[in-house]
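**Student:** The lines below spell out each chain.
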Amino acid sequence: MAMTTYHPASALSLPRAAVLRPALTLLLFLALLLGLLYPLAVTGLAQLLLPVQANGSLLHDSNGKVIGSALIGQAFHGRGEFWSRPSATAGSAYNGGASGGSNLGPSNPALTKVVAERIAALRAAHPEQRGPVPLDLVTASGSGLDPHISLAAALYQAPRVARELKRPLAQVETLIAAQREQGWFGNAQQARVNVLQLNLALRRLVAG
Amino acid sequence: MMTTFFWLLALFMLLLTLSVRPMGAWLAPLASGTLPGRWRAFDAALLRRLGLNDAGMGWRDYTLALLAFNVLGAVLLYALQRLQGDLPLNPAALGAVEAGSAFNTAVSFVANTNWQGYAGETTMSYLTQMVGLAVQNFLSAATGIAVAFALMRGFARRESGDIGNFWADVLRIALYLLLPLSVVLALLLVSQGVLQNLSGYLGFDVLAGHGQTLAMGPVASQEAIKLLGTNGGGFFNANSAHPFENPTELSNLLQMLAIFLIPAGLCHAFGRVVGDRRQGWAIYIAMSVLFVVAASAIAWFEAQGNPLLSVLGVDGSSGNLEGKDMRFGIAGSSLFAAVTTAASCGAVNAMHDSFTALGGMVPMLLMQLGEVVFGGVGSGLYGMLVFAVLAVFVAGLMVGRTPEYLGKKIEPFDMKMVALTILVTPLLVLAGTAVAVVVAPGLAGMANPGAHGFSEVLYAFSSAANNNGSAFAGLSANTPFYNAMLGIAMWLGRFAVIVPVLALAGSLAAKKRLAPTLGSMPTHDGLFIGLLIGSVLLVGALTYLPALALGPVVEHLAIWATH
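Residue numbers (my numbering), protein chains in the order written: chain A, 1 to 208; chain B, 209 to 771.
Among the hints, a few may not be true.
Claimed, not checked - What the simulated footprint calls covered on chain A by chain B, stretch by stretch (three residues with Cβ under 8 Å from a Cβ of chain B suffice, anywhere in the stretch; the number is not a length): (1) 42-55; (2) 91-100; (3) 105-112; (4) 144-151; (5) 181-189.
The hints are simulated quantities; they were obtained by calculation from the structure and are not laboratory data.
Values in this document were obtained by computation on a predicted structure and should not be read as measured data.
Backbone N, C-alpha and C fix where the C-beta goes; we use that ideal spot for every residue, glycine too.
Construct all of the structure, not just a fragment, from the sequences and the given hints.
**Tutor:** This is the structure we're talking about:
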């Protein structure tokens, strides 16, 4: 047996105090260094070098008032607006203080039911569209704060928005094209638009 | 869609493979204790200041030091959570964390699991996040790497009673490895839009008129170590799906690379420390093969979508988007799911609970294989080396020779430790799941009906016992029953594995190192890599296939049978 060949040092030689004292010293030293100094130093550096990003990539209106973050989605329900994806955040949709997904499993009847309801609502609001409904418009995101919809989902809504705002469809589609964000590796299915930015652009268009 | 995934996978594997050699070169001196000259003086002075030294310890002393350090860490973290209401840096005025949840969280972060039974932004003060959770992110990672170092020394040393000094290991790993990497990664993440501030939650009126509140905080600094240390506990409830934790495709790639960076580099460091780099590459290749296959499987199943939704009239060609954010899509979400469960990270950028039945089974299986496909920092390598010993043992039995690995004879004591290591987690997973699905408080936690509810429970115990920390998050796990059961699974899954691994390290260090002969089996060639992969799969499959058949497989058949 290997046990018998051990060097004497492998026997339990440390008294208890010799374990607790270094454990405490090391724990407190590292807690101060890694728990306070490190995050504070990174905060200082980030605020100095990248203040916009470090504070939430906020968007302001013409009066300088905060109206949202470029990274965080908002709930839009207006007839003359582009709608965001469904959101499963606690309390209300797009609750920026309580992120999360629905966690509905693929075989859960509750998922099928809610998706069917959303499809019906979308079809009723978009009589111009006869094809399949873009999947992202009827499924909740993981964060519940997804700022994007797919390009297909924006184009799906374009006839409704144009109708409500009494604008030519081509003008609305041009607006969408200007907001298009390309996915990596040219994946057409991941081409997307930021809904808040798109609606802001829409407001500027309407305001003239 | 699969084309995008394969490009992303190829880019990821290329960048990872390029990082292996430099990371190995960084890690190896820390493992062998041969710091470069200018560091040695600083290192010695620092150790002296703290009243420590780097005198070698036997495996029992090393184990005792490790356990004392981790128990103290758990006590500190528990106390911080319970007292946070009366402590500073609490702008949201959050009260004490409930006792059961605080116990579960303390164990979880010390055991490098970072299972989150709570929602970060509504539970933990900034002080608890920084001094409590983030510190344990560093220390649990350092503990895992230290054990891997000890095992490497066991293979490298000859007739020695010493496997290193735990205090010096933890200090060096935290200071010379994790801290500098974290600072760089944190700033890279901020550049993409990850928060780093100490402001209170921000309320304002949105465009549509109603109010929105945005959670703020020192996110990037914690995010960096959450990934580098394969911890996975997010600042926010949605973890890396939250745009303030993971805002862009580039940040997503950086996060995935950060998770594998140290586990992959440790393979090469292992090769360097034992004096034969091919040994390290063999381990790296075995891990990579398993990973690439698993990741591709997840992406394939997610791309198939959910036929129950397709028949309702949605565009089925988009795959499965429930629980996924558009900036990641199928490719970025599937690859992340594979990375986070292959490594015992547990961060998520999409909700695994809403994955397709088989797309969610693969992450579960990756955890059940014992978190050895890259695995946790340190724990992945020591777990895989245990399987390597098993592989040479099995091979030795087949040809009737005394098995040896890297010149170390594998004897009964070693095999007992190997068997213990491999059996602890399946026992915790299967027994825990079995109990949870027959008692009322266990059944009450399931969010989804039918086979998927069973999958939620199986996933929870697989995640806890293997120290992953991701979840089928529909499960209501913040209850006395699950806080206690999963807390125990996490603690034993961590330390009941570490102790036999350190015993193995001690036993190996005490042995002679035999020169290879014509009859020795090479452990760096394709045959061995195949044998290693086979051992991992065989143990995992034999243990878990019956349980998986009851959950994800049944659900898959039920969904597709109607079509």
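**Student:** Determine for every hint whether it applies to the structure shown.
**Tutor:** Going through the hints against the structure:
| no. | hint | in the structure |
| --- | --- | --- |
| 1 | 42-55 | holds (count 10) |
| 2 | 91-100 | holds (count 7) |
| 3 | 105-112 | holds (count 7) |
| 4 | 144-151 | holds (count 7) |
| 5 | 181-189 | holds (count 5) |
Figure legend: structure checked against the earlier numbered hints; every hint is met.
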